[in-house]
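Protein sequence lines, in the order shown, are assigned to chains A and B.
Using the numbering used here, read the first sequence as starting at 7 and increasing by one per residue.
Using the numbering used here, read the second sequence as starting at 41 and increasing by one per residue.
Please keep in mind that the hints were generated in silico from the structure rather than gathered at the bench.
These figures come from a predicted structure and were not determined experimentally.
Possibly wrong hints are sitting among the right ones.
Said to hold, decoys possible - Below, a sample of chain B positions facing chain A; criterion: calculated Cβ distance under 8 Å: (1) Ala55; (2) Tyr58; (3) Met59; (4) Leu74; (5) Leu75; (6) Thr86; (7) Glu99; (8) Gly106; (9) Val108; (10) Leu112; (11) Ala115; (12) Phe125; (13) Trp139; (14) Val142.
What the hints assert, rightly or not - One-sided excerpt, in silico: chain B residues whose CB lies under 8 Å from chain A: (15) Arg62; (16) Leu72; (17) Thr90; (18) Leu128; (19) Ser129.
Claimed, not checked - Simulated restraints, written as ranges between beta carbons of each label pair: (20) Tyr569(A) to Val141(B): 45 to 53 Å; (21) Glu140(B) to Arg774(A): 14 to 22 Å; (22) Val681(A) to Val141(B): 28 to 36 Å.
In this text, a Cβ means the ideal position worked out from N, Cα and C, and glycines have one as well.
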Amino acid sequence: MQLAVLGGFWVAAMAPLLHRWFGSRAAGVMALLPAAIAAWLMAQWPTIAGGETLWLEWAWAPGLDITLTFMIDGLAWLFAMLITVIGTLVLIYSGEYLHGHRDLPRFLVVITAFMMSMLGLVLADNLVALFVFWELTSITSYLLIGFNHTDLAARKSAQQGLFVTVGGGLALLAGFVMLALAGDSWSLAELNARGDQLKTHALYLPLLVCVLLGAFTKSAQFPFHFWLPNAMAAPTPVSAYLHSATMVKAGVYLLARLHPALGGTESWVVTLSLVGALTMASGAFLAVQHTNVKKLLAYSTVMALGTLTMLLGIGTETALTAFVVFLLAHSLYKGALFMVAGILDHETGTKDVTAMGGLRHVMPRTALVTAVAALSLAGLPPLLGFLGKELMLESVLEAEAWRGVILPLAFLAAFLTLAVAAVVAIRPFFGPRRETPRAPHEAPFGMLAGPALLATLSLLFGLVPGLLDPLVRAVIGGIGAGQAEVHLALWHGLNLPLVLSLASLMLGALVFRRWDRLRSRLARLEPLMARGPEAGYEALLRGLVHVAEWQTRFLQSGYLRNYLVMTLLVLLGLVGHALLVRHTPSLAFAPDVYLHEAVVAGLMIAGAVAACVMRSRLAAVAAVGVMGYSIALTFVLFSAPDLAITQLLVETLTVILLVLVLFRLPRFSTLSTPVERLRDLVVAGLVGGMITLLMLTVLSGERLPRISDYMVANSQPLGHGHNIVNVILVDFRALDTLGEIFVLALAAIGVYAMLRFHAEAYEARNARRTRRGDDG
Amino acid sequence: MEPLMAITIGTLFAAALYMMLRRSIVKLVIGLMLLSNAANLLIFATAGMTRGAPPLVPEGLSAPEGVVADPLPQALVLTAIVIAFGVLSFAVVLVRRAWEVVRADDMDRMKDTDR
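Isolated chain A (complex conformation) (with noise of 0.2 Å):
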């Protein structure tokens, strides 16, 4: 599995080969990679419906304790599913949506990289590689979002996707380490065994909110939905995949498959309750004002990814029955009515609902497979979406948390969506036929299949819930309730959430019927939603170029000095603080210093100072030249013979070279103000100081012994020499004298070529002969 995963990617780089020699028809032959995974893992099932968990192992990096070890439970297995058929599909469709495109084998590389990466994510087991791939498909996400990239609105539009949810990555990534640490392990199975031992740790509540970001930034949650609507810029079978049936699910998946390590906490039912259900309503409140379909439909899956999100929180048998049954009910419905967004935008050029009408006569096909698949989006009987919203409404009033607040945003949300549901299937279909700006036709076979089948489904497990029945006991078995009895029927008796139904099919049928002024009316908020979440996302990419920009300016004023200045002062915070706090040099002077050593210091001392204090540029050289000789000296005086001979030698050739050079070069002037030179020497001699206190903090510390003892007994019997300095440098470190010699010769190549080669003269020459030739 992990082969065919990996291989993926292999396959994915190979589509523009596949491309050169199928054309169009490389979707279909790359439909096939999904589908082969698609009936392994339906081979799979029965070990899956026994309530097992199949382990793959591979071993990743085994030093860092990360695998790529895969686990697939009822979760992992129908997520994996999804993926994988809505995949098979999306391809399909994609080689006809897309029919003919310049860009097209762009387009399935990008795509198929994406569903190998949500495979990966869905399958892992381990948080690191885990992490990889849910930053694999933000980065996949941002490429298909963007993938119309001459458009400026694509291009803003994948922007702001990739910064939203790699930007909750970051804090996801925070909160596995996190997570890791409190629970002692890297595997989510062994994570979720120990929850006991996770929730009451000193972590818990950081490392959650740090999941919990991350998991509301993938998944669309508010208030970081915004940039969800605005991926619909992609291509539509893009938002069918990703933005809908997929990728957005990534971050519900990531709460389920924690559910049991971290849920059940106080404060996890009420932020998830609370985020999901605001998400849910705002979902759909937004949705009904907008006409455009793939605009409509992505506002419903906000609403949808609210709904998971607040079943998950309440967290309860029926929550978590309902949780599998609503994804499983959404993926169907969204995947089928994006796909059928992309017939009607693909046939009769335009997205605007209210500029279709009467298509039905035109595209009978079409308006059946709609038909269908809005109604389990509305939620009504027999489909699958009718049970969803049943199961979501009990487990609402079975809510412990803010029933009083959920169920009035549950309310609105399912009238509301009944209304969008109206909407997308009778306004375009139904009513006057109205000229659209290219004339329809049915769509063709290859475009209707995907939608036709996902409809299909929705049909069939709505008829048949039974079907479902071990699939939702894998599910939640592993996501937290044990062993659960689960019988899904279609008719549930006459309960509260029936009569809650009925009300909300009034209430959003009013909705419909009133659709137009209801819009012109919320269009008067307009002022209000401009100063949503998505205006607070620019403010803070404004203040970030505005930080940048300052922080440049303050930084980098291009002055050496300045930067000097600057490192200068890092290094004594950092260093000066580890002195103070840790260690108390002790400035005790031992009397053991001779009269002729004091004088040598003295001189070196004098030839400093002289040096920066001189106002004649001969007399500068000479006073180094003064200290160099000093230091020659100190040399002889301490047992160093060769480094005062290397030294005289150095000192010599550099006095006579700064002799030679300088006096081409102007007078010393002064240029600085004395303010300036006072701050100077204040640094200057704080570094100093420090470097003293340093040298006194080392010497009077704990003598290590020294490594060179091993030097010093065999430079005469293995490197036959009786100077040891120089079989080190020989012998020993020969290698060391070797780069030596190297930045030596560099140098000297340096400064010959610099001595040499007079640009001015070059051009000048250059200009002399291109003249001649004008001339000849």
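Take the given structure of chain A and dock chain B to it, following the hints.
Just chain B now, kept in the frame of chain A:
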């Protein structure tokens, strides 16, 4: 002896950094020289200063008698002295070229690539 050296080295560092903060590019080069000398001395002195016991093996013996000065920092400093010389000669010639092209000793006038 070491505390005295610590003070000396601190002064050398201060002088070097002060010169490196000047606007004149020639003074910057002088600062660079002071800095490399100061750093060499720091490495040398931190390893401990031993009087009259150079790391030499007497003729006819296979190892020196008694404690000798640590040869490893000496080898490091020797390399550093030579490299510092290479860097310095490069810097000096660079400054000379810069002066030929820009005709300025003031680094504030070398901020841009425009002449």
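Evaluated hints:
1. Contact between alanine 55(B) and chain A, as hinted, is supported at the beta carbon level, the nearest pair being about 4 Å apart and thus within 8 Å.
2. Because the beta carbon of tyrosine 58(B) sits about 4 Å from the nearest beta carbon in chain A, less than 8 Å, this interface hint is met.
3. A least Cβ separation of about 6 Å between methionine 59(B) and chain A falls short of the 8 Å threshold, and the interface hint therefore holds.
4. A hinted interface residue such as leucine 74(B) counts as satisfied when its beta carbon comes closer than 8 Å to some beta carbon of chain A; here the least separation is about 6 Å, so the hint holds.
5. Against a cut-off of 8 Å between C-beta atoms, the interface hint on leucine 75(B) is violated, since the closest Cβ of chain A lies about 10 Å away.
6. Annotation: interface hint on threonine 86(B) holds; nearest CB of chain A at approximately 6 Å, less than 8 Å.
7. With a least beta-carbon distance of about 7 Å to chain A, the hint placing glutamate 99(B) at the interface is held under the 8 Å criterion.
8. Hint on glycine 106(B) is violated. Least Cβ distance to chain A is approximately 11 Å, over the 8 Å limit.
9. For valine 108(B), the interface hint holds, since its Cβ comes within 8 Å of a Cβ in chain A; the closest pair sits about 7 Å apart.
10. At a threshold of 8 Å, the smallest CB-CB gap from leucine 112(B) to chain A is about 4 Å, leaving the interface hint in force.
11. Hint status for alanine 115(B): holds, given a least beta-carbon distance of 4 Å to chain A, under 8 Å.
12. With its C-beta approaching chain A no nearer than about 5 Å, phenylalanine 125(B) sits inside the 8 Å limit, and its interface hint holds.
13. A hinted interface residue such as tryptophan 139(B) counts as satisfied when its beta carbon comes closer than 8 Å to some beta carbon of chain A; here the least separation is about 5 Å, so the hint holds.
14. Contact between valine 142(B) and chain A, as hinted, is not supported at the beta carbon level, the nearest pair being about 11 Å apart and thus beyond 8 Å.
15. Restraint check, arginine 62(B) versus chain A: the minimum CB separation of about 7 Å is within 8 Å; hint holds.
16. Hint status for leucine 72(B) relative to chain A: violated, with the closest Cβ pair at about 11 Å, above 8 Å.
17. Because the beta carbon of threonine 90(B) sits about 5 Å from the nearest beta carbon in chain A, less than 8 Å, this interface hint is met.
18. Here the hint on leucine 128(B) is kept, as its CB sits about 6 Å from the closest CB of chain A, short of 8 Å.
19. Satisfaction of the interface hint for serine 129(B) is found here, the shortest Cβ-Cβ separation to chain A being roughly 6 Å, below the 8 Å cut-off.
20. Evaluation of the 45 to 53 Å hint for tyrosine 569(A) and valine 141(B) yields a failure: the beta carbon distance comes to about 23 Å.
21. With their beta carbons about 20 Å apart, glutamate 140(B) and arginine 774(A) fall inside the hinted range of 14 to 22 Å.
22. With their beta carbons about 31 Å apart, valine 681(A) and valine 141(B) fall inside the hinted range of 28 to 36 Å.
Consistency with the previously given hints fails for numbers 5, 8, 14, 16 and 20, ordered from lowest to highest.
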